[in-house]
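Chemist: Just so you know, the protein sequences line up as chains A and B, in that order. 113 is the number that numbering that gives the first Met the number 0 gives the last residue of the first sequence; the numbers go up by one with no jumps. 113 is the number that numbering that gives the first Met the number 0 gives the last residue of the second sequence; the numbers go up by one with no jumps.
Think of the hints as simulated: they come from the structure by calculation, not from any bench. What you are looking at is a predicted structure, and each value in this text was computed from that prediction instead of being measured. One or more hints might be untrue.
When chains are identical, the list treats them as one kind, so a pair holds in a single copy or across two.
Claimed, not checked - DMTMM-like cross-link-like pairs, simulated, lysine to aspartate or glutamate; straight-line CA separation at most 25 Å:
1. Lys104 / Asp37
2. Lys112 / Glu18
3. Lys66 / Asp109
4. Lys104 / Glu18
5. Lys69 / Asp56
6. Lys104 / Glu39
7. Lys66 / Asp56
8. Lys4 / Asp56
9. Lys104 / Glu7
10. Lys66 / Glu87
11. Lys11 / Glu39
There are 2 protein chains.
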Amino acid sequence: MEKLKYRELVQKILMAHTERVLNGECSNRETALQTIFDVERDHYLVMVVGWHSGRRDYGSLIHVDIKDDKIWIQSDGTEVGVASELVEAGIPSHDIVLGYKSPFKRQFTDYGKG
Amino acid sequence: MEKLKYRELVQKILMAHTERVLNGECSNRETALQTIFDVERDHYLVMVVGWHSGRRDYGSLIHVDIKDDKIWIQSDGTEVGVASELVEAGIPSHDIVLGYKSPFKRQFTDYGKG
């Protein structure tokens with residue numbers, strides 16, 4: 000699967016998560032969900048941004064980069080796990096790097112070492 | 000100043016911060032600084048992403064949105080303050096919203112209420 004396909008797939012997965020959250024339990028919150036795609040630099044994020052009951056709601060729900068034909072997962076707050084979704088969609092696990100795991104720990108995963 | 004100018008200025012300020020950090024004290028860190036521009040959806044971020052001495056370095060240094068011709072500062076970890084830089088560049092303060100301050104507190108600032 001070429002790089003272009005990786006990009007399309009990552010965007011599709013992030014969009015699906017955004018829609019799932021917006022249509023689900025969080026739909027009554029004042030907090031917005033931002034889909035942020037920088038296709039030129041290959042950064043793909045879903046951010047939570049807003050206020051809820053007087054408290055700031057802020058942080059990344061998902062952050063994925065594509066770098067040297069590998070998919071780097073920098074942050075993942077989903078229940079299902081973006082890495083699992085990518086594998087299910089046909090991406091070989093050695094093309095996925097769990098950036099949120101330390102470089103040392105990555106060698107003990109089924110994913111790429113980065 | 001039209002919306003296009005706002006976009007250009009925000010990108011210029013974020014780029015300058017990225018370069019300042021990369022050329023400055025943080026240049027010896029393993030951590031990367033990502034400039035993330037989604038011009039289509041008007042989200043502009045500088046993110047810190049990496050590992051440093053066995054610890055995860057992750058978070059937004061700057062996050063700016065342009066929404067309804069206003070510049071929303073959602074996150075700002077700079078010393079100078081992006082809002083001050085925008086005002087200095089000629090943006091009227093009522094066109095800047097400090098999103099990281101609560102909607103209640105915003106009325107007591109010199110900036111827009113959002």
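Chemist: Hints first: check each against the structure and report whether it holds.
Modeler: Outcome of the hint check:
no., hint, in the structure
1, Lys104 / Asp37, "neither (29 Å within a copy, 32 Å between copies)"
2, Lys112 / Glu18, "neither (31 Å within a copy, 28 Å between copies)"
3, Lys66 / Asp109, "within (19 Å within a copy, 42 Å between copies)"
4, Lys104 / Glu18, "neither (32 Å within a copy, 31 Å between copies)"
5, Lys69 / Asp56, "between (31 Å within a copy, 20 Å between copies)"
6, Lys104 / Glu39, "neither (30 Å within a copy, 37 Å between copies)"
7, Lys66 / Asp56, "between (29 Å within a copy, 18 Å between copies)"
8, Lys4 / Asp56, "neither (33 Å within a copy, 29 Å between copies)"
9, Lys104 / Glu7, "neither (29 Å within a copy, 41 Å between copies)"
10, Lys66 / Glu87, "within (21 Å within a copy, 36 Å between copies)"
11, Lys11 / Glu39, "both (17 Å within a copy, 17 Å between copies)"
Hints 1, 2, 4, 6, 8 and 9 from the earlier list are contradicted by this structure; the remaining hints agree with it.
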